[in-house]
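Chains B and E supply the protein sequences, listed in that same order. Residue numbering for the first sequence follows the numbering used here, beginning at 1 and increasing consecutively. Residue numbering for the second sequence follows the numbering used here, beginning at 1 and increasing consecutively.
Since the hints were made in silico from the structure, they are not lab data. Accuracy of the hints is not assured; some may be wrong.
[Claimed, not checked] Partial list, computed: chain E residues near chain B (C-beta under 8 Å):
1. 33
2. 37
3. 68
4. 72
5. 262
6. 263
7. 297
8. 701
[As the list claims (entries may be wrong)] Not close to chain B: a few residues of chain E, all C-beta gaps over 10 Å, as computed:
9. 205
10. 268
11. 423
12. 557
13. 560
14. 693
Virtual Cβ for every residue (Gly too), placed ideally from N, Cα, C.
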Amino acid sequence: MSKMHVKFTLNGEEVEGLAEPRTLLIHFLRENLRITGPHIGCETSHCGACTVDMDGKSVKSCTVFVAQANGADVTTIEGLTNPDGTLSVIQEMFREHHGLQCGYCTPGMITRVHRLLQEHPSPTEEDVRFGIAGNLCRCTGYQNIVKAVLAAADQLNAQKEAAE
Amino acid sequence: MKDEVTSTEERRENLKGMGCARKRVEDVRFTQGKGNYVDDIKMDGMLFGDFVRSPYAHARVTSINKEAALAIPGVVAVLTAEDLAPLGLHWMPTLAGDKQMVLADGKVLFQGQEVAFVVANDRYAASDGVEAVEVDYEDLPVVTDPFKALEPDAPVLREDLEGQTEGAHGPRKHHNHIFTWEQGDEAATEQVMSTADVVAEEMVYYHRTHPNPLETCGCVASMDKVTGKLTLYGTFQAPHAIRTIVSLISSIPEHKIRVVSPDIGGGFGNKVGAYSGYVCSVVASIVTGKPVKWVEDKMDNLMSTAFARDYWMKGKIAATKEGKITGLHCHVIGDHGGFDACADPTKFPAGFFNICTGSYDIPTAYLSVDGVYTNKAPGGVAYRCSFRVTEAAYFIERMIEVLAIKLDMDSAELRRINFIKKEQFPYQSALGWEYDSGDYHTAWDKALEAVDYKALRAEQAQRIEDFKAGKTRKLMGVGLSFFTEIVGAGPVKNCDILGLGMFDSCEIRIHPTGSAIARLGTISQGQGHATAFAQIIASEIGIPADDITLEEGDTDTAPYGLGTYGSRSMPVAGAATAMASRKIKAKAQMIAAYLLEVHDDDVEFDVDRFAVKGNPERFKTMKEIAFAAYNQAIPGVEPGLEAVSYYDPPNMTYPFGAYICVMELDVDTGEHEIRKFYALDDCGTRVNPMIIEGQVHGGATEGYAIAMGQEIAYDEMGNHKTATLMDFFVPTAMETPTYQTDFTVTPSPHHPIGAKGVGESPNVGSVPAFSNAVHDAFRAFGLVQSHMPHDHWRVWRIADELGLHG
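Construct all of the structure, not just a fragment, from the sequences and the given hints.
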């Protein structure tokens with residue numbers, strides 16, 4: 001099958017490559033670019049393990065063709081760590097509140113939360129539960145994820161206030 | 001080094017040892033997407049394998065044509081049973097003493113069965129190849145009901161076994177019969193039943209479901225033709241056992257095989273067994289000389305890779321009219337699918353189902369289990385459960401409720417008067433187990449008080465009045481569950497898998513500068529082993545947990561162990577960790593005594609050091625001792641500071657717990673709302689309370705899914721109806737309840753640190769709590785038994801059948 005040229009911004013850097021038109025974004029990220037943070041859980045867009053941020057929206061990269069990402073601004077879990085290599089507030093709160101166990105859903109979950117907290121900077125518990133309902137976790141029962149997200153929101157808001 | 005002026009308490013805290021809610025070391029990688037799961041592995045020239053699967057549940061395979069597939073660009077090879085037969089690998093042994101087709105050998109026995117293995121340059125080409133393989137089938141009569149499978153004229157499923165009247169576990173009574181397993185005293189139990197004041201009888205079905213870890217099963221097989229060494233990376237819950245099995249079935253010498261379990265994205269029993277994908281990948285790597293990756297997709301996983309449960313449990317429970325239980329009778333029909341691929345210890349074809357007397361002092365009991373073949377996927381694995389303990393706990397906790405209805409008693413009280421008493425431990429059960437320890441009454445009282453049980457019952461009585469008066473359409477259920485698990489398999493004298501004793505192991509090496517590496521025979525799948533096991537070593541030896549690296553899963557470096565499932569890591573490998581630590585400590589004591597110029601017996605351990613008895617100012621820290629072990633010639637003491645322990649547990653451990661669920665049910669829609677879920681666990685000594693709580697949340701959520709909607713369902717043609725996450729219920733954050741956790745501590749008397757294991761308790765204990773809540777809501781209207789899962793439609797149907805829709 002002939003290949004097409006794709007080019008997009010990934011975690012702040014330009015990337016490009018050749019891919020069959022049918023190539024899914026998740027496979028291009030994982031296999032061509034070796035960005036292995038986003039995982040494959042179901043390939044039917046139910047589980048959210050492959051969640052990435054594309055042009056300011058959470059998308060499930062198992063149901064996006066890489067062709068659709070052409071020219072887009074894509075962020076994965078790899079782009080969410082602080083520039084100095086330390087854990088971001090959200091990452092740190094997941095650790096602090098035991099919001100992960102096997103770690104398989106975690107990159108997608110944190111990437112989703114990164115966007116959720118921009119959509120809802122001060123979410124209620126219900127907002128959080130609704131906001132992450134597209135990301136399945138088999139280990140935690142979500143209780144500690146919810147706790148982590150609420151704690152992260154508090155911290156980010158406090159940081160924002162301090163900066164103002 | 002003597003500049004420390006910290007207090008004993010500060011020194012202890014510095015260790016982050018047992019009992020501390022230590023933050024997980026794994027999370028630094030996982031939160032950044034830096035885990036290393038099997039699908040993350042990419043090797044030069046790596047090929048990708050994918051299966052052609054049967055669309056039929058029972059059919060003859062009359063021909064397979066590979067030509068069109070081989071013509072597709074990128075397709076390298078297509079393997080069929082014919083290709084594997086010369087190697088003797090078209091069939092493989094199962095862990096249950098049966099054998100299973102690796103690729104369809106003349107026929108298929110379930111929908112989704114592996115028929116051919118396509119190997120290609122990438123996953124897209126492999127998928128194209130799968131589409132292009134032409135297979136002709138001749139369909140055969142299908143049987144998906146295990147009772148029908150045992151009828152005299154039922155179709156013969158396993159033609160390979162025709163005429164074989166003896167199976168791996170004794171006589172076979174029928175061409176679709178696998179085994180009969182009996183425990184207890186049948187005659188005495190019949191006698192009790194025939195003379196009892198009250199006998200309650202019920203069929204309790206624990207439906208078929210699936211562990212469904214988020215990460216499916218997969219592997220990368222890489223045969224190095226130069227060295228003749230096979231490296232097999234995979235999602236293995238038991239890497240050493242896989243190495244031995246691969247060696248036995250492939251004839252590759254065991255030292256030429258390295259099995260590596262990298263990070264695993266959840267296991268829950270799904271990743272214990274050996275699957276066709278592993279065998280085909282190994283063969284494909286040998287044939288092509290290239291690494292071959294096989295990772296199943298979610299549909300493959302749900303259709304073919306190790307279901308769980310599917311037990312039809314017919315119970316009779318006898319009691320005095322005051323409610324003292326006098327006997328229990330249980331007969332199980334176990335639906336094993338097309339092959340018996342359960343992953344139970346060899347001598348236990350129905351796992352530890354004989355824990356089905358539960359937490360109760362039942363003097364007389366009898367159990368028989370018949371395993372049956374049907375045209376469904378093989379498996380029967382322990383889904384977050386120690387070998388059929390979940391089925392057993394569900395059975396007894398339903399039977400208690402059924403008996404309470406018959407006696408017109410409160411079931412909390414019925415439980416209380418039948419609990420094994422604290423002073424009866426160690427307790428010999430009528431079905432053969434020695435319960436090591438327990439304090440059920442204390443736990444039960446604590447639980448009932450925590451939820452204000454009396455007030456709940458008063459509220460429920462009022463609700464029933466209101467419902468009858470037409471003031472509400474919602475009913476309220478209080479679901480009670482008291483469970484005793486049996487985990488930590490197990491003593492080598494009666495527990496083995498394919499002849500491999502179920503001990504486990506830990507090797508610890510202390511480095512000269514006082515930090516350490518430890519390796520275990522287990523493998524974490526999210527349980528936080530690297531965090532928790534280091535805490536045991538920290539407390540035992542006095543080295544900070546942060547200074548200890550913990551490794552698992554590489555058979556070239558880790559000591560032999562039987563892996564992680566059945567809540568066995570803490571009871572068995574945790575014990576090995578403590579014992580290896582104690583060996584090091586004993587040597588450290590000799591070194592300290594030498595350095596302090598006193599007799600060995602004149603020093604004593606103090607948190608992170610050995611001090612001279614009666615003179616705590618004279619001491620050597622573990623750091624100093626470690627350095628001395630490497631730089632001083634000490635008479636009579638070998639250099640170095642390391643130890644290994646292979647721990648054969650003297651008994652199982654018996655964690656227990658009390659779970660209570662308060663549920664609202666809408667009679668007209670069948671919808672439910674979990675108002676409260678209280679979970680008290682007693683897992684003995686608590687190594688990391690944070691991890692324990694996380695395990696309870698997760699296990700209870702799996703239990704919630706199973707009880708309230710999750711199932712693997714087939715139609716009568718054997719079509720799999722629940723093969724995607726659209727149909728197979730996995731709760732999101734929206735449905736999932738919030739849990740209130742609690743605990744008591746009754747240490748195991750035979751475990752070196754008193755720990756019992758907790759990972760599976762919440763799945764075992766929560767399912768009856770959820771299910772009993774549904775039953776309890778309708779008890780006043782005459783409901784005795786209704787099978788799970790209690791999804792909205794089924795709950796609506798209960799209400800309808802009870803005439804509650806007017």
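So, going through the hints one by one against the coordinates:
1. At its closest, the beta carbon of residue 33 of chain E sits 2 Å from a beta carbon of chain B; the interface hint therefore holds under the 8 Å criterion.
2. Given the 8 Å rule on beta carbons, the hint for residue 37 of chain E holds: about 7 Å separates it from the nearest Cβ of chain B.
3. Because the beta carbon of residue 68 of chain E sits about 17 Å from the nearest beta carbon in chain B, more than 8 Å, this interface hint is broken.
4. Proximity of residue 72 of chain E to chain B is violated relative to the hint, the smallest CB-CB distance being about 10 Å (cut-off 8 Å).
5. Because the smallest distance between the Cβ of residue 262 of chain E and any Cβ of chain B comes to about 11 Å, over 8 Å, the interface hint for this residue is violated.
6. The beta carbon of residue 263 of chain E is positioned within 8 Å of a beta carbon in chain B (closest approach about 7 Å), and the interface hint is therefore held.
7. Against a cut-off of 8 Å between C-beta atoms, the interface hint on residue 297 of chain E holds, since the closest Cβ of chain B lies about 5 Å away.
8. At a threshold of 8 Å, the smallest CB-CB gap from residue 701 of chain E to chain B is about 3 Å, leaving the interface hint in force.
9. With a cut of 10 Å on Cβ distances, residue 205 of chain E stays outside the contact zone with chain B, its closest approach being about 24 Å.
10. Annotated as non-interface, residue 268 of chain E brings its C-beta within 10 Å of a C-beta of chain B; the closest such distance is 7 Å.
11. Every beta carbon of chain B lies more than 10 Å from that of residue 423 of chain E, the smallest distance being close to 36 Å; the non-interface claim holds.
12. Against the 10 Å criterion, residue 557 of chain E stays outside the reach of chain B, whose nearest CB is about 22 Å from its own CB.
13. With a least CB separation of 24 Å from chain B, residue 560 of chain E remains clear of the 10 Å interface cut-off, as annotated.
14. With a closest Cβ-Cβ approach of about 7 Å to chain B, residue 693 of chain E is found to fall inside the 10 Å limit, against its non-interface label.
Consistency with the previously given hints fails for numbers 3, 4, 5, 10, 14, ordered from lowest to highest.
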